[in-house]
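> Can you build the whole structure from these sequences, using the hints too?
Residue numbers (the numbering used here): 1 to 565.
None of these hints come from the bench; they were simulated from the model. Glycine included, each C-beta is placed from N, C-alpha and C at the ideal position. Check the hints yourself; a few may be wrong.
Here are the computed distance ranges between Cβ atoms for each label pair [as the list claims (entries may be wrong)]:
| # | residue 1 | residue 2 | range |
| --- | --- | --- | --- |
| 1 | 38 | 77 | 17 to 25 Å |
| 2 | 96 | 196 | 38 to 46 Å |
| 3 | 83 | 141 | 56 to 64 Å |
| 4 | 96 | 531 | 50 to 58 Å |
| 5 | 52 | 32 | 23 to 31 Å |
| 6 | 170 | 38 | 35 to 43 Å |
| 7 | 54 | 6 | 30 to 38 Å |
| 8 | 203 | 506 | 26 to 34 Å |
| 9 | 60 | 196 | 55 to 63 Å |
| 10 | 71 | 117 | 47 to 55 Å |
| 11 | 117 | 449 | 49 to 57 Å |
| 12 | 449 | 127 | 16 to 24 Å |
| 13 | 6 | 487 | 18 to 26 Å |
| 14 | 65 | 547 | 34 to 42 Å |
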Amino acid sequence: MQVSEHEILTIYRKGYSALTSLHGALYQARRDFFRDGVHKKGRISDQEDGMQVQLRYAISGGSFVWEKHSDRRLTERASSIPGGWALSFYNENGGVRSRTEYDGEHHLRRAEYFAPGGEVQESLSIIAEHPDELVWTFRQANGEQTETVLRACPVQMGTAEQAMIDSEAGEPQILAARLDGDFCYCTEEEYCRRGELRERLGSGAISTIPVFVPDKPLPEPADAQEEERAQEEALPPVLPQPQEIAVSDLMEQIQKMEEKLGVVRGRLCAEPEKMQNFPKKESTQPDVPKLAGEPRSKPPGGRAAARYTVAKRGADGAVRAPGLCSGVHPVPPEAAEEIPRAVQSIVISQTERYRYFGEVLDGLRHGRGRTEMPDGKTAYEGTYSRGRRDGLGAYYYKTGRLCYAGAWRNDRREGAGVGFRPDGGSLYAGTWRNDRPGGSGAVIGSDGSVCYAGAIENGRRHGVGASFHAKDGALLVARWQNGIPCGGVTLFDAEGRIRYTGRWQNGERHGMGTSYSADGQIEFTGRWQNGEPVSGIYYENGLPARALSPEKYQESDGKKKDRKM
Numbered sequence: 001m002q003v004s005e006h007e008i009l010t011i012y013r014k015g016y017s018a019l020t021s022l023h024g025a026l027y028q029a030r031r032d033f034f035r036d037g038v039h040k041k042g043r044i045s046d047q048e049d050g051m052q053v054q055l056r057y058a059i060s061g062g063s064f065v066w067e068k069h070s071d072r073r074l075t076e077r078a079s080s081i082p083g084g085w086a087l088s089f090y091n092e093n094g095g096v097r098s099r100t101e102y103d104g105e106h107h108l109r110r111a112e113y114f115a116p117g118g119e120v121q122e123s124l125s126i127i128a129e130h131p132d133e134l135v136w137t138f139r140q141a142n143g144e145q146t147e148t149v150l151r152a153c154p155v156q157m158g159t160a161e162q163a164m165i166d167s168e169a170g171e172p173q174i175l176a177a178r179l180d181g182d183f184c185y186c187t188e189e190e191y192c193r194r195g196e197l198r199e200r201l202g203s204g205a206i207s208t209i210p211v212f213v214p215d216k217p218l219p220e221p222a223d224a225q226e227e228e229r230a231q232e233e234a235l236p237p238v239l240p241q242p243q244e245i246a247v248s249d250l251m252e253q254i255q256k257m258e259e260k261l262g263v264v265r266g267r268l269c270a271e272p273e274k275m276q277n278f279p280k281k282e283s284t285q286p287d288v289p290k291l292a293g294e295p296r297s298k299p300p301g302g303r304a305a306a307r308y309t310v311a312k313r314g315a316d317g318a319v320r321a322p323g324l325c326s327g328v329h330p331v332p333p334e335a336a337e338e339i340p341r342a343v344q345s346i347v348i349s350q351t352e353r354y355r356y357f358g359e360v361l362d363g364l365r366h367g368r369g370r371t372e373m374p375d376g377k378t379a380y381e382g383t384y385s386r387g388r389r390d391g392l393g394a395y396y397y398k399t400g401r402l403c404y405a406g407a408w409r410n411d412r413r414e415g416a417g418v419g420f421r422p423d424g425g426s427l428y429a430g431t432w433r434n435d436r437p438g439g440s441g442a443v444i445g446s447d448g449s450v451c452y453a454g455a456i457e458n459g460r461r462h463g464v465g466a467s468f469h470a471k472d473g474a475l476l477v478a479r480w481q482n483g484i485p486c487g488g489v490t491l492f493d494a495e496g497r498i499r500y501t502g503r504w505q506n507g508e509r510h511g512m513g514t515s516y517s518a519d520g521q522i523e524f525t526g527r528w529q530n531g532e533p534v535s536g537i538y539y540e541n542g543l544p545a546r547a548l549s550p551e552k553y554q555e556s557d558g559k560k561k562d563r564k565m
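Printed below as a string of structure tokens:
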């Protein structure tokens, strides 16, 4: 089977699919199939956007099996069509959102996008004779169709140069991941505009450093009524919420979550002085804490049967401890002064027992409650479901320091939460998957500064993210893989000025790249090796000055020198 470097693996249409799908499981499976030329199959079970995802696939020369479920709901499925296969993508209501068609050799030939009524709204067709072009067909409201030829323009997602180009030419509406890289498909006019901007960036005519224009001062109002009206007019328009949460917004949500946890603690325990305060951060270690095991209550009849005293059974059948607020009626002031009795005694060993204060259902911890260590420190405080931590809750180390505060699901950390180190130093704030940091988040040092913000996978930096260096204030924006920056990166100094953009390896400049001076002028562009330039062009005042080649010529004095231009 002949495979072209222009082979489209996946395609993204804004408004019909998520950008993360461009390099998702389908991209990886098709890339491996075309590159290796052998049968590919597998099963994947993972978390996506807080949902449990199950994927089963097989790709070979004569078959294409692809079936994906999200929380038992079908989201993607492949089927046979005359001359090939079709992969359908379903919305939450079970209707087809989009469909891609492949020929008998798995080459992508057409992509269709459906309106809410089920009819095809628009489509993208591959031109076999012109692999760098797509035909975009759009169905208008009156039933007429318009066709537009789109050209492929290379993009480097996640770089400062691409961000500058997109800010001038507009955000790409159609993206394709091919064997030879990522491309956006646009009209001829936009294609020329993007090419012009790329040339100007390459020559240094324009800088990737954003220019900030200060707002003009408002005129002095004549009276109080005009002043109030002027302030209302000066308010910025309400912007739509971005798809990816910013670090500042994330920290605000964390603060609200901690406040909510404080309210829950006050309602669960009648003696607030027994609650554990949040520890002060002392260490600078940025590691993510590991979660120690927390005892689970066992149902009656087991080897370690739980003992509990029945207080009063409510209308919902739940058993509540004496002195604990039910969540419906407020707690009287005199009740808050009573010492609550434990509902369960959880046996850990012959010498260690945990006590539980809270709601019980059928002998299991269920609802709001607090599990207490033998020395009186809180082990876990929050909500339970059938004996397992589920919902919002806070987990503590045996020292009494806070370990984790956030969302739980089936006794595992799942969703938004904050994890602290045992010494109370650095913390991780973001999303958790399968009891480990995963998705997006930020690592914050003991001094309160952000060490890293971006994509996290299995507790490690993986994906696009930014690393901050407190010593020199430098900012490194890169694509990370297993905790290490690799590929193309952009380096900024403490003043926000770009200092380097290019390839990166083992923590140093390595490969093709360009360095910049403090005033934004190009200093050197060419090939780097272990942090040092080895071949390329040096610039002075924005103009080429001299060339650097691997083999420098020798002058009569025996010294090696660069060639002058």
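> Mind checking the hinted window 49 to 57 Å against the Cβ distance between residue 117 and residue 449?
Holds, at about 52 Å.
> Kindly confirm whether 16 to 24 Å is satisfied by the beta carbon distance between residue 449 and residue 127.
52 Å, violated
> Between residue 38 and residue 77, does the beta-carbon spacing fit 17 to 25 Å?
24 Å, holds
> Okay, residue 52 versus residue 32 on CB: inside 23 to 31 Å?
For residue 32 against residue 52, whose Cβ atoms are near 24 Å apart, the range 23 to 31 Å holds.
> Given the hint of 56 to 64 Å, check if residue 83 and residue 141 actually sit that far apart at their C-beta atoms.
Roughly 32 Å apart at Cβ, these two residues miss the hinted range, so it is violated.
> That 50 to 58 Å hint for residue 96 and residue 531 (C-beta), does it hold up?
Given about 52 Å between the Cβ atoms, the range holds.
> Within 55 to 63 Å: is that where the Cβ-Cβ distance between residue 60 and residue 196 falls?
45 Å, violated
> I want to verify a distance hint. Is the separation of the beta carbons of residue 203 and residue 506 within 26 to 34 Å?
With Cβ atoms ~30 Å apart, the hint holds.
> Hint says 38 to 46 Å; check whether the CB-CB distance for residue 96 and residue 196 agrees.
The hinted range 38 to 46 Å holds for residue 96 and residue 196, with Cβ atoms some 39 Å apart.
> Does the Cβ distance between residue 71 and residue 117 fall inside 47 to 55 Å?
26 Å, violated
> Quick check: does the Cβ-Cβ distance between residue 54 and residue 6 fall within 30 to 38 Å?
33 Å, holds
> Do the Cβ positions of residue 6 and residue 487 conform to the proposed distance bound of 18 to 26 Å?
21 Å Cβ-Cβ, so the 18 to 26 Å window holds.
In this structure, the hints that do not hold are numbers 3, 9, 10, 12 and 14, in rising order.
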